[in-house]
Every structure is written in structure tokens, then in C-alpha cells.
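Q: First to last, the protein sequences are chains S and G. To convert, note that position 194 of the first sequence is 194 in our numbering; the numbers rise steadily by one, no gaps. Start counting at 1 in the second sequence, then tack on 225, and there's your number in our numbering.
Don't take each hint at face value.
[What the hints assert, rightly or not] So, partial list: chain S residues that the calculated Cβ filter (under 8 angstroms) puts toward chain G:
#	residue
1	139
2	140
3	142
4	143
5	144
6	145
7	159
8	163
9	166
10	170
11	193
12	194
13	195
14	209
15	213
16	214
No lab work stands behind these hints, which were simulated from the structure alone. Glycine is no exception: its CB is placed at the ideal position from the N, C-alpha and C atoms.
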Amino acid sequence: MFVNKSMTTRVITIRPEDSLLQARSLMTEHSIRHLPVTDEDNTLVGIVTDRDIRSATPSILQDDFDSAKERERMAAATVASIMTRKPAVLKPLHTIQDALMIIQGKKVGALPVVDENNKLKGILSVRDLMRAFTNVMGIGEPGTLLGIMVEEKVGQLKRIVDAITEENISCGSVLVAKHWDETKRAVFPYLLTNNVARIKKKLVDMGFTLIDPMEWYIDRLPKSE
Amino acid sequence: MKRTGLLYDDRFLLHDTGPMHPETSDRLRAAYKGIEEAGLLPNLTLIQGKRMSQKYIEQVHHVNYIMRLEEACLMGMCEFDYPDNQMCCETYDTAVLAVGGVIDTVRRIMAGEIDNAFCAVRPPGHHAEISKAMGFCYFNNVAVAARYLQDEWGVSRIAIIDFDVHHGNGTQHIFEYDSTVFYYSIHEHPSFAFPGTGREFEEGIDAGHGYTLNTPVLPGQGDQEYKMLIERDLLPAMERFEPDFLLVSTGFDAHKDDDMSGINLSTECFSWIMETMMALANKYAGGRIVSILEGGYSIQRLPELVKNHVEILLKG
């Protein structure tokens, strides 16, 4: 699960000497919020975000917003004047887990990916991570999600998977959520079938509790102590 | 009393899905029993399954898919595309007779022989994609009927209303670029139920944008929520679209005693839904409505549900 498998490799970049107006049009045109800034050797020298652009732009409530004079000023100002130099970066062999933790820790929306010589190789955004998890969760594949409450002890998942296998059902994914209850976990198998009545009954007969779908969650905010 | 057609054929029982499958021939026996025991048969025009020209099926399904299904049957395969689709050597013929029977049924309405009809068919159809069988469905019966009505009878605006508890992914995908067929579906929310499509932001594409409408319903909901949502979403949509013909994908699996879903409708609510469909047909389409069976797996509840359904058609 390395960053280089999920990152966008055809990166839209900008040069430090380009104008803010160019940066803004690139972002609008490609619906993106981050532009890595590179020099002529494709070396990363900074990053400019839509927030940087907005900070350098008058408020939309002001009269001169997007006026000819304002556009002139934006055309004269360079990306170098507002970009973040030495931004946080990822390496191609950072893992997706690394990326999640870095993005969460640094509170950024995207990270440029560079090699050992600081050459730009790609960019990994929150959107790329969401796509990866959409894939892992099997969203878009035809199937049915179940929610099962299990005791926190070894062997529970095996019993569930065995029961599913006995019913000749393919499993698209299995999510396990921690901290469901003090002593419980919630297991969410995504079954690639429309035919779930039998397996649901079987799991109940085996002593498992099916969780009311309206009570499902895979995450909740940390308890405030 | 209306001249109501009933498409039913003992040959629809021959599609055998094996011992562990919910989509069984007992479903159709239960449906027929409900009609027979209520003494409704003498009032109905019986229509049988019929082999029609393959060209009608090809208006929806790719010819390679049709041949692939036939070959799978000839080779004695017992599963097709997904393990959900259990089959036997009669499956292809049954599906051909069912979809042909549905075509013949809508033809009779256009020819003025009957006013409306219920098609008690299997295999069901609304999950079937252009080139893929899904969710126990092989040929998309309702989609083939819609294309036939357009191509052979020049019907310009067709509404397909799908109240099976599962989203009709196949029907939606077949018509999502099309502004001449309006597809409406109300179903259990796709994050909780098969097949995982039919979210409220799926509204059709390009020229078809605004001609697909989905109402996902959260698990545990019942009559009140369904009635409110149908009135909120479907009725204004039909007011705008003014269909010339109503095709209904009828599923009884949102019933509270049906273990295929988390939706809890009462028997009475199914009557309310069908009366609402009938009222729409009368208001916009001169009463032209054909209901085609999709899901519904409670053998105990099907006789009464189907009896009520057919009585509403007879009443008009």
C-alpha cells in the first residue's frame, strides 16, 4: 500500500515566476486546490494553495474584486511571492497509512510526492485517499452490508467468515470497528449478493447479534473526558 | 370493471434456482394461488408466455449477452455472472417466454384488447444490465417493454415506477441518458441494501438529466415514511412528465414480513401504493398501466398482496 500506487502522477504544476492570475485559472480549470511549484528541472520549490491565492485577493465584498485593475495586480504578482517554501512532502515509498497520519497531523489537503533528489513524482490528496477507501469498502460493487456485534476475543471473525463461505457468498470487504463497546467490536462484512436472509438467520442462530443499521458507525468523535 | 390481463404461465416455474435460493417457483405459485382462491380468474384475461422476435430484446440487451446466456444454459451451467444468479437448463427459455409475454401484454393494451395488466413472471428483470445478469435477473422485462412501446407503437413518454425494495440498477442504467423514459425508484437506502446504487443524487445524465429520480429510504421505516416520500417525490415528477404509459416494477419485498429488507411496510400500504399508481395512470395515461413482478419473497404474504394488487387493477 504505497503512496506511488494511489497518487496522481500527471500533476498540474506552476513555476515560481508565473503570476497569481495564472495560478488561479489553473486551479479553476482543473478543479484543484493545490499547485506544486517546480523549477525547470522539475525540482519542487514550494506549493501554492487556493487559500494562499484567496489571502492575496481582495474580499468578494470589496468593489475592486475581479476588477480590471485587480486582475492587473494579480497578473503582476508572482507565485514565488506567496508560495509555501519547503512544504511537507511524501516519498513514493511512504505508505497510505503514513500519508493518512501525516495529512491528519499537518492538517493539509494534499502533499507533493518527491524522490530523493526532490524531483516531483506526483501528488497525493485527500481525494486520492478517499478513492482508495471507496475501493476498499467496495462501494459501487453490487452487494449488501451487514453489521455484526462480536465479543473482543480471538476467533470471532473466522466464525463469521466460515458461515459466509458455507452459504457460498463472496465477501467484498470486511471492516472491523474498534471501541464499539467496552468489550465488543463491530464487524461489517460487505457481501456480494442480494441473498442475505439465510446468512443473517444463520449468524443469529450462531449467537451473534446483528446491529440495527440505524446504530451502525465506523467512527465516532473521541469521548471528551 | 376493467379488462385486466394476467400474464402467467406454468413454464415460468421451470427456472430452477436450487435449494438455497429465495427466488423460487413457489413465489409464483403463491401469487397465482392468491388470485385463484379469491375467485378473480374468471374476471381476468389470461395471457401466456410467448416467444417473440429476439429483435425486441436486442433493443435493450447486447446480442452477445443474449447469446452468452443461451450458451450458458445449453452447457448446463448453474450460475451466471454472479453466484446470486443460479440457473438451470430451462432458465434461458423461461426468460425468453417471460419477456416475450410482457411484450405481448403491452401489445394487447395498445391494440385495445385489454385495459391494464399484471405480469406474474419470473425470472425478474430490474437488476439486469445491458450485458450483465444481476440480482436474480436475466432480461430486463420492464425495459424491453418500454422500448417495444416506443419502437412499435410510437409511445413518446413512458414512466417506469419501481417500488421493489431494491434499486433497479439495470433499468436506471438503460435509460439514464434518455429523456423519453422517466425512471422513478423508491427503495431501501443503498448503503444498507443491494445493489448499492440509487442514491438521491443519481438524477440521469446529459439529455436524461432530470428523468431519473431515486428515493432511498433508511432501514426500519414503514408506511408513513413511504407515503410521505411518494407524495413528495413521485407525484410532482409525474405532474411535470405527464407519461403516456405507466410501467410498474412491482416488488413486494418491502413488506415487514419479508426478510430480504429492513423496510417494514404493511399489506395495506402496498394497496395504497398500487392505488396511487392506478390514479397516476388514470390521470395521465388513459389508464394504461402494466405491472411487472420483480421481487417479493414471503410465501406467506404473497397470495394476499398479489390478490389486492390485481383487485386494484380490476377496479381501475
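Q: All hints are to be evaluated individually against the structure, with a verdict given for each.
A: Hint-by-hint comparison with the structure:
With 8 angstroms as the threshold, the beta carbon of residue 139 of chain S comes within range of chain G, its nearest partner Cβ sitting at about 7 angstroms, so the hint holds. Annotation: residue 140 of chain S was flagged as interfacial toward chain G, and the flag holds, the nearest CB pair being 7 angstroms apart, inside 8 angstroms. For the restraint placing residue 142 of chain S at the interface with chain G, the shortest Cβ-Cβ distance is roughly 4 angstroms, inside the 8 angstroms limit, so the hint holds. Nearest Cβ of chain G to the Cβ of residue 143 of chain S: about 6 angstroms, under the 8 angstroms cut. The hint holds.
Taking 8 angstroms as the C-beta cut-off, the interface hint given for residue 144 of chain S holds, the closest approach to chain G being about 5 angstroms. Interface hint at residue 145 of chain S: satisfied, since its Cβ lies 6 angstroms from the closest Cβ of chain G, which is below the 8 angstroms cut-off. Restraint check, residue 159 of chain S versus chain G: the minimum CB separation of about 20 angstroms is more than 8 angstroms; hint violated. Interface hint status for residue 163 of chain S: violated, as the beta-carbon distance to the closest one in chain G is roughly 13 angstroms, over 8 angstroms.
Because the smallest distance between the Cβ of residue 166 of chain S and any Cβ of chain G comes to about 10 angstroms, over 8 angstroms, the interface hint for this residue is violated. A distance limit of 8 angstroms between C-beta atoms decides the matter here; for residue 170 of chain S the minimum to chain G is near 7 angstroms, and the interface restraint holds. Because the smallest distance between the Cβ of residue 193 of chain S and any Cβ of chain G comes to about 5 angstroms, under 8 angstroms, the interface hint for this residue holds. The beta carbon of residue 194 of chain S is positioned within 8 angstroms of a beta carbon in chain G (closest approach about 4 angstroms), and the interface hint is therefore held.
Proximity of residue 195 of chain S to chain G holds as hinted, the smallest CB-CB distance being about 6 angstroms (cut-off 8 angstroms). Because the smallest distance between the Cβ of residue 209 of chain S and any Cβ of chain G comes to about 15 angstroms, over 8 angstroms, the interface hint for this residue is violated. A hinted interface residue such as residue 213 of chain S counts as satisfied when its beta carbon comes closer than 8 angstroms to some beta carbon of chain G; here the least separation is about 4 angstroms, so the hint holds. Interface hint at residue 214 of chain S: satisfied, since its Cβ lies 6 angstroms from the closest Cβ of chain G, which is below the 8 angstroms cut-off.
Violated hints for the displayed structure, listed by number in ascending order: 7, 8, 9 and 14.
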